[in-house]
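Protein chains in written order, with the numbering used here: chain A, 48 to 352; chain B, -15 to 303.
What the hints contain is simulated information worked out from the structure, not anything from laboratory work.
Keep in mind that a hint or two might mislead.
Unchecked claim - Cross-link-like lysine-lysine pairs, in silico, DSSO-like; alpha carbons within 27 angstroms at most:
id	chain 1	residue 1	chain 2	residue 2
1	A	K261	A	K127
2	A	K261	A	K131
3	A	K135	A	K316
4	A	K238	A	K261
5	A	K316	B	K144
6	A	K127	B	K144
Said to hold, decoys possible - A partial selection of chain A residues facing chain B, derived with a Cβ cut-off under 10 angstroms:
id	residue
7	L166
8	L185
9	Y190
10	I199
11	L271
12	N284
The structure presented is a predicted model; accordingly, all values stated were derived computationally and were not measured.
Glycine included, each C-beta is placed from N, C-alpha and C at the ideal position.
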Amino acid sequence: MTDHAVDHRTAVAPTVEKDDHSEGMAYLESLPRRIVTLYIPLFIIVVILLFPFYWMALTSIKPDEQLIDMERFNPFWVIKPTFKHIQKLLFETNYPQWLWNTMYVAAASTFLSIVASVLAAYAIVRLRFRGAETVGALIFMAYLVPPSILFIPLASVIQAYGLFDSPLSLILVYPTLLIPFSTWLLMGYFKTIPFELEECALIDGASRWQILVKIIIPLAVPGLISAFIFSFTLCWNEFIYALTFLQSTQNKTVPVAIVNEFVDGDIYKWGSLMAGALVGSLPLVILYAFFVEHYVSAMTGAVKE
Amino acid sequence: MTTIQTSMPGAGKVIPRSSAWDRLRINRNWLALWFMLPAAAFLLLFLAYPLFLGVWMSFTDDRIGRGGVFVGLENYEWLKDDSIFWLSVFNTLLYTIVASAIKFAVGLYLALLLNRHMPFKALIRAAVLIPFIVPTVLSAIAFWWIYDSQFSIISWSLIKMGLIDHNINFLGDSNWARASVIFANIWRGVPFVAITLLAGLQTVSPSLYEAATLDGATSWQRFRFITYPLLTPIIAVVMTFSVLFTFTDFQLIWALTRGGPVNATHLMATLSYQRGILSGRLGEGAAIATAMIPFLLAAIAISWFGMQRRKWQQGTDND
């Protein structure tokens, strides 16, 4: 490998070193070798990962006759795109209502969880009460309890509280998915804030509450954004609780409604089905596009702890 | 003098009151209790309590609309002789083992690719994560269309390439259906594994590779003796999560096949939903869900020992 690469080092080295000196050894590789070992596999994987979205978007703007006639029209492309499916979705179904339900439930439960997580994380990291470490470990354990083993007993709990078929049931239940994760993430952020800041404030007579609101929270904003984005995405994505707890059509969230309300024998359903999936994904993708770094740090931060 | 005199009475007044209210306000343990209260309330009411309730329900003959009575192990005895239950256990294990193994291999490979220098690195990394952002059900719906028995784009492409002569019945044939849902699960899980492992890779110092290269290590040796050992702890955590979520997967299956054809893709979670909620036999559904717990504990235990190995490698003090 090295013999072969050395011949090409002069050609590749300048561009590499200019951009990123942490990849100091990249100059050992020749360009053809990079194409075979890096670009081609990466290209194939990225195409496979993104193809379903391309297909989703393409189908949602394809006229019906092109959808089912794959001989006369190349299925990988669209001639005379139509917005008929999206229009039908937005004006002839309850889709806007479902979208609103999803957003409302996600925003409310994310807000509740973040408030609860900030308080809990602060208490565990900084108050260091008796048993703080045990509580931290228990919260991590709660992260490992999957919804699939809880939805049956929860359904009867929800029924007993009279919350069945109400968005409130989801708003109260989703925090159990979000709090363990957000608390764990925020604990990591709070640990990095210097303790001295807090001591100064204590000497100046600030209460713990004032310290939390005026010092810790402003310094932990990146962590809060990460927790918010990740929690919001998780709520939007949640399926089994929403499927179990919600009954009436107008209360459903997008994932449940797509699966239950659109599925009929109609051969032409695909256009509006794909439009529904596309419109339901776009808000998250847009949000993600603005906060990629926060999202990634949330995902990796929780794992690294 | 004056200042002392004015401040003294004030301080004197505070001291007697401090006994009750201030102790609650200043004492760390009490204060922490207040801070922990909201999170604890959510987790106890909607997580810990249902967890125990679920185990209890599995010993009753609870049905929707009427309370159940304690029936001991009857539900489990039923399940023991239920071939569909054992099929779902088999499916779940197959699904978890195959999907997790491939997710790990492809995810690690993708992470190694993304860790190399290339143009538009940030953009590619952001694009790779998109399958993880989009709600599983919505991407499953796209897969449903891709796997359609008549208009599947995969069948069409393979026919045009001359590799097959008729459409593949992706979701109608048992083995094809299993392969299809496993593929969709891998597709969805690879980004998570890749991006988290990439974060781990980025913490590995490049000087280690430089030193190894000077000593004449091949690229495989660099991976085997530098990357892999340093990555072990994060692999343990990532794979625990991956195995856990794959094992308890529900939404992908429900959106794609609902357990069909002929129960070939029923996982324990989907069977539990079908028996517990759709058929209304809550007790039996809870028993299936409870039967998942030993498997989950085993998965957690295995990764826990993975973590222990890290402690042993790095010395006991690791935080």
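Against the structure, the hints come out as follows:
no. : hint              : in the structure
1   : K261/A <-> K127/A : 57 angstroms, violated
2   : K261/A <-> K131/A : 52 angstroms, violated
3   : K135/A <-> K316/A : 11 angstroms, holds
4   : K238/A <-> K261/A : 17 angstroms, holds
5   : K316/A <-> K144/B : 25 angstroms, holds
6   : K127/A <-> K144/B : 24 angstroms, holds
7   : L166              : 4 angstroms, holds
8   : L185              : 8 angstroms, holds
9   : Y190              : 9 angstroms, holds
10  : I199              : 4 angstroms, holds
11  : L271              : 15 angstroms, violated
12  : N284              : 4 angstroms, holds
Hint compliance for this structure: hints 1, 2, 11 are broken, all remaining hints hold.
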